[in-house]
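S.K.: Those protein sequence lines, which keep their order, are chains A and B.
The opening residue of the first sequence carries number 46 in our numbering; numbering runs sequentially from there.
The opening residue of the second sequence carries number 21 in our numbering; numbering runs sequentially from there.
Everything labelled a hint here was simulated from the structure, so no lab data went into it.
Calculated lysine-lysine pairs in the PhoX-like style (CA-CA distance at most 25 Å, straight line):
#, chain 1, residue 1, chain 2, residue 2
1, B, K93, B, K171
2, B, K150, A, K236
3, B, K32, B, K45
4, B, K27, B, K93
5, B, K202, B, K49
6, B, K352, B, K366
7, B, K127, A, K229
8, B, K127, B, K171
9, B, K93, A, K229
10, A, K229, B, K150
11, A, K313, B, K150
12, B, K171, B, K49
13, B, K150, A, K225
14, B, K45, B, K237
15, B, K380, B, K291
16, B, K379, B, K291
17, B, K124, A, K225
18, B, K127, A, K225
19, B, K32, A, K149
20, B, K173, B, K93
21, B, K291, B, K237
22, B, K93, A, K225
23, B, K45, B, K85
24, B, K171, A, K225
25, B, K132, A, K229
26, B, K132, B, K93
27, A, K229, B, K171
28, B, K132, B, K202
29, B, K47, B, K85
30, A, K225, B, K173
31, A, K229, B, K124
Beyond 12 Å from chain B on every Cβ pair, some chain A residues (computed):
#, residue
32, S49
33, A56
34, Y102
35, A104
36, F153
37, P165
38, S183
39, R202
40, F243
Given the structure is predicted, the values throughout are model-derived calculations rather than measurements.
Don't be surprised by glycine CBs; every beta carbon is placed ideally from N, CA and C.
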Amino acid sequence: MGYSKRFTIFAHIALIGSILIIAFPVIFALIVSTHTFQESFAFPPPFHIGGNIVHNYVAAWNRVDMGRLLFNSSFISVAVSIGKIGLSMLAAFAFTYFGDFRGKYFFFILILITHMLPLPIRIVPTFELMDDFHWINSYYALTIPFFASATGMLLFRQFFLTVPDDLCDAARMDGAGPMKFFWKILVPLSKTNMMALFLIEFIYMWNQYLWPLIVTNTNDMRVVQIGIKMLLAGEEQAAEWNVIMAGTITAMIPPLIILLLMQSSLVKGFVMRQEK
Amino acid sequence: MAEITLKNVNKKFGDNWVIRDFNLKVKDKEFVVLVGPSGCGKSTCLRMIAGLEEITSGEIYIGEKMVNNVPAKDRDIAMVFQSYALYPHMNVFNNMAFGLQNRKFPKDEIRKRVEEVAAILSINEFLARKPAELSGGQRQRVAMGRAMVRKPKAFLFDEPLSNLDAKLRVQMRAELSKLHEKLGTTVIYVTHDQVEAMTLAERIVVMNEGRIMQEGKPLEVYEHPKNLFVAGFIGSPAMNFMEVRVVEEKGRLYVEGESFRLAIPKGLEDKYRNRVNDEVIFGIRPEHMNDHQFSGDFPGMGIMEATVDVIEPIGSDVILIVMAGKDQLTAKVDPHTTARVYKPIKLAVDMNNMHLFDKKTGNLIE
Numbered sequence: 046m047g048y049s050k051r052f053t054i055f056a057h058i059a060l061i062g063s064i065l066i067i068a069f070p071v072i073f074a075l076i077v078s079t080h081t082f083q084e085s086f087a088f089p090p091p092f093h094i095g096g097n098i099v100h101n102y103v104a105a106w107n108r109v110d111m112g113r114l115l116f117n118s119s120f121i122s123v124a125v126s127i128g129k130i131g132l133s134m135l136a137a138f139a140f141t142y143f144g145d146f147r148g149k150y151f152f153f154i155l156i157l158i159t160h161m162l163p164l165p166i167r168i169v170p171t172f173e174l175m176d177d178f179h180w181i182n183s184y185y186a187l188t189i190p191f192f193a194s195a196t197g198m199l200l201f202r203q204f205f206l207t208v209p210d211d212l213c214d215a216a217r218m219d220g221a222g223p224m225k226f227f228w229k230i231l232v233p234l235s236k237t238n239m240m241a242l243f244l245i246e247f248i249y250m251w252n253q254y255l256w257p258l259i260v261t262n263t264n265d266m267r268v269v270q271i272g273i274k275m276l277l278a279g280e281e282q283a284a285e286w287n288v289i290m291a292g293t294i295t296a297m298i299p300p301l302i303i304l305l306l307m308q309s310s311l312v313k314g315f316v317m318r319q320e321k
Numbered sequence: 021m022a023e024i025t026l027k028n029v030n031k032k033f034g035d036n037w038v039i040r041d042f043n044l045k046v047k048d049k050e051f052v053v054l055v056g057p058s059g060c061g062k063s064t065c066l067r068m069i070a071g072l073e074e075i076t077s078g079e080i081y082i083g084e085k086m087v088n089n090v091p092a093k094d095r096d097i098a099m100v101f102q103s104y105a106l107y108p109h110m111n112v113f114n115n116m117a118f119g120l121q122n123r124k125f126p127k128d129e130i131r132k133r134v135e136e137v138a139a140i141l142s143i144n145e146f147l148a149r150k151p152a153e154l155s156g157g158q159r160q161r162v163a164m165g166r167a168m169v170r171k172p173k174a175f176l177f178d179e180p181l182s183n184l185d186a187k188l189r190v191q192m193r194a195e196l197s198k199l200h201e202k203l204g205t206t207v208i209y210v211t212h213d214q215v216e217a218m219t220l221a222e223r224i225v226v227m228n229e230g231r232i233m234q235e236g237k238p239l240e241v242y243e244h245p246k247n248l249f250v251a252g253f254i255g256s257p258a259m260n261f262m263e264v265r266v267v268e269e270k271g272r273l274y275v276e277g278e279s280f281r282l283a284i285p286k287g288l289e290d291k292y293r294n295r296v297n298d299e300v301i302f303g304i305r306p307e308h309m310n311d312h313q314f315s316g317d318f319p320g321m322g323i324m325e326a327t328v329d330v331i332e333p334i335g336s337d338v339i340l341i342v343m344a345g346k347d348q349l350t351a352k353v354d355p356h357t358t359a360r361v362y363k364p365i366k367l368a369v370d371m372n373n374m375h376l377f378d379k380k381t382g383n384l385i386e
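Make the full structure from the sequences, and use the hints.
M.R.: Pasting the structure below:
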């Protein structure tokens, strides 16, 4: 496109500037995580890489059993993402292709309403339910309440509506039953949507703090976001910001890896759809 | 291979009857074309035979067996869709093999059949490609191939050529015709294009508003349309209709319009004798009206004077749109016509090919 040179330079300056502003907290956390306890309290704050990097990260890792927490977070994020995708695809499949089951409209509205209720409202009844099931402090409580997803259902429903009806008819003529149509036609066609939802849900679950804090009560069931809080130790002690930041950076790495891994294929998926 | 029979079939969508009292018998190996304007129920009819649409009442037979309650996959019928409906994520081979895989055919058999059919349709080079990498014509072939590998009792075609460009359409039309000759399978073909219908069909079924208006051999339908609808629908440009009165003078019969009086040929007079003084609809095809200068005189000719409105040369002929009194008429005349816009012209009407229709019922007077 024919932008003038001056505009291009201006645009670059503006973009680089905004990236610096947005990324500043992360960069600063990274810097702090490399300094000693004393250095991290210096004023003006240091803007260079310090020499205490290994000590800080090892300390953060050992102090709160980071390995276990990372495993917990990864496990529930992956489990919830997969569970959500599976459930919402099946629900969307039912709502899109099965015209006349009873109360279809009623259930559709019901699902949308659950979407409108924020977590804090649901937290007490859900907790009670978990207690009744004796699921407190288990992976069940950390994952299953998140499985239902109005967003995912809507996303897939919208996508299924764009799949031509002829494709469904052709599959019927080819002798494929409803579930075969779902597995062999709809699922492969939904790949890009599935990946997009996986990414969104993985990061959403990774950042969960309140619910895991409420339903777990032993350190081995905590998640990584709680681990960061645990690094803050007690009130009587000064916070070791260098160690806390090391923990924070560690907690950021897994979603970053997922994002980088999936980004390229996601973009490819969107580009391919554009080409058609 | 099998006969397909529809007995008193009705179909209702909500409160609308889309198919009413439909009776049709398609013989084994026959090529039948359902033709009609959009919304006439022809596609619904096809989908009911396929089993994609339930019927409200009536009976459908494939061979000897009533299939009202047989699901689509067990009717042993293949369908080609207007949009082709190829599975976009599968390559050509898998698109064609999908139906056989679902029916648990052995792998060797599937490979053999797909390759055989691909060779017939000359798409064997594309077996590894995805539909998005194929041209419109190639996709069309794949869609046909997918139907053919199953060796079904009958093929159903739902406007299969309407997404192709004009040249390709003509080519595929000819190939379809050849293919039917070769395979000898029963075909029911739906189209709104009457040229397609005329060229492909062994038997045409003209439909309107969910009913059969006429069925018969293509030429029979063209030459002897049973009613105004069929007369106006089959043939291009469409037949001209004028309100006239049948008059008798000195023992001869004439049709008399506002600005013309044309003698009814002697051979046809007896048919209309009991209609003297009746108001009727006179129908004549554009191809039966020529510029008198180029046609010369011939038996059964009538002369009509008109004013030229529009001249459309199409190469082989010239289409004239003329005004005769208050009637606007279309004539297909000799390409060398000297007609000029707004100038009068003498048209030679071939009255041997005239049709008269009852004004109330719209049916042909026979």
